[in-house]
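Undergrad: So the chains spell out like this:
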Amino acid sequence: MSNDHDPHGNDDHELRVSKIRDGTVIDHVRGGQALNVLAILGIDGTRGEELSIGMNVPSDRLARKDIVKVEGRELSQDEVDVLSLIAPDATINIVRDYDVVEKHRVERPDVVEGVLSCPNASCITTGNEPVTSRFSVLEDGVRCSYCETIVREDIASLIDT
Amino acid sequence: MRHDHLITSKQLSRADIESVLDYASEIAADPSAVADKHAGQLLGLLFFEPSTRTKMSFETAMKRLGGDVVDMGSVESSSVKKGETLADTVRVIEGYADAIVLRHPKQGSATMASEFVDVPLLNAGDGAGHHPTQTLLDLYTIRENAGLDDLTIGIMGDLKYGRTVHSLAYALTNFDTRQHFISPESLRLPREVVYDLHQQQDGTGIREHESLEEILPSLDVLYVTRIQRERFPDENEYQAVAGEYQIDVETLEDAREDLTVMHPLPRVDEIAPEIDRTDHAAYFEQAHNAVPVRMALLDLLLSDHEADEDGETGDGGHDE
Ligand SMILES: [Zn+2]
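Residue numbers (numbering that gives the first Met the number 0), protein chains in the order written: chain H, 0 to 160; chain P, 0 to 319.
Keep in mind that the hints were calculated from the coordinates and are not lab data.
Please note: incorrect hints may appear among the correct ones.
[To be verified] Some chain P residues close to chain H (C-beta under 7 Å, calculated; not the full set):
#  : residue
1  : Thr84
2  : Leu85
3  : Lys105
4  : Gln106
5  : Gly107
6  : Ser108
7  : Thr110
8  : Met111
9  : Gly126
10 : Pro189
11 : Asp257
Glycine included, C-beta positions come from ideal geometry on N, C-alpha and C.
Generate coordinates for the entire structure from the input sequences, incorporating the hints supplied.
TA: Below, the structure written as structure tokens:
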């Protein structure tokens, strides 16, 4: 399972982003989505998180990919699940002492709660009700569990920050 | 039927629907058999939007079961005006009433409200969302007039905003039906609804049209809804389409003799009054069916809930 060499030989490009000691490398994020990945993880740098970000790096698998490296933090499964909504091809590498100890693909969850807000202004969840947003995950989008609105494009814009 | 709440017609199986309709026709045949069944029980009516017909039929149904109603009154005179959340309102009313009927302008309101209460909650319309009790009385009327299998139904008018249409279309996928949706381009079924219909059925039974003409002769039932002027940005656009979706005796010349014409009412000018006197008209009958159907539903939900409460006393009850 452990494999710290990219079989597609992207090492040159990877060098642009510094190696981390302990933490998570989120690779194969669709080009331009890195900042949304950070938004989903609730990382904005204000709490002193050590981050490296590569954006629009050439990639064999995706024409352009983003890479996010977070020092000192291992992502929970919940976080990884939600990432899948905007970065369905992402691979998650858990790094300990400069070695990739775990590498896995994201998996799409059935439901995401409290992460996205509904774009439908007539939805009960957009008022001041004491309710947590809930979306079911479809093959090609997400759907509000309350008003049933389907969102296919720009899911990142619904991220509750 | 075994549900705690009735929120959407999607939650109803064919067996659920048939059990409600069968029971409703038993009640219609002999209302006295259930006249005291829910004596002493109270139904809470929470109408955040006016709807005289729906509200009165629920009130009548509960009273005919021997029970009574408590009514929140108009939104203007209630605590809602002071900014109370719906979640709080239903939790308060839960302490007064044995079941709650909710009509609210926001989509998803009934789903949310049902998460806060233990008493049965019936969705009587949540914005452009669902109106499942209307659907059951529509199905009852269709079954009485044309049967529910091998049925070809045309649903015409404002299909975009018409929650009664969406609820009905979902429910009909449980049966062997061909559904034809007839509307102006701008008032077609929402893509969400089309998506669901394709999920529920393979989609082969669903067709969309802009004109009634070509499919009228094949219809067993024509379900007409109102096209509202205010849906159109300008009056000319409305005038251009409105006439096409109004029916009179002449329109129906090509229809089958046993065509059933339905409408959830109120109508304005969609159906000419001259049709009232023909055998096609079933819309007043449809309105009257609201009472036995809502009696059947209330009885089923209240009785189920009582059985649950009795069953739970043995294991210490529930935690709320
Ligand atoms: Zn919503």
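Undergrad: For each hint, tell me whether it holds in the structure or not.
TA: Hint check results:
Given hint, Thr84 of chain P at the interface with chain H, holds; its Cβ is 5 Å from that chain's nearest Cβ, closer than 7 Å. Given hint, Leu85 of chain P at the interface with chain H, holds; its Cβ is 6 Å from that chain's nearest Cβ, closer than 7 Å. Given the 7 Å rule on beta carbons, the hint for Lys105 of chain P holds: about 4 Å separates it from the nearest Cβ of chain H. With a cut of 7 Å, the hint placing Gln106 of chain P at the interface with chain H holds, because the nearest CB-to-CB distance is about 4 Å.
Here the hint on Gly107 of chain P is kept, as its CB sits about 3 Å from the closest CB of chain H, short of 7 Å. Nearest Cβ of chain H to the Cβ of Ser108 of chain P: about 4 Å, under the 7 Å cut. The hint holds. The criterion of a C-beta within 7 Å of any C-beta in chain H is met by Thr110 of chain P, whose closest approach is roughly 5 Å, and the hint holds. A least Cβ separation of about 5 Å between Met111 of chain P and chain H falls short of the 7 Å threshold, and the interface hint therefore holds.
For Gly126 of chain P, the suggested interface contact is upheld, since its CB lies about 5 Å from the closest CB of chain H, less than 7 Å. Taking 7 Å as the C-beta contact cut-off toward chain H, the hint placing Pro189 of chain P at the interface is violated, the least distance being around 9 Å. At about 36 Å, the closest approach between the beta carbon of Asp257 of chain P and any beta carbon in chain H exceeds 7 Å, and the interface hint on this residue is violated.
Going down the numbered hints, you'll see the structure goes against 10 and 11, while the others check out.
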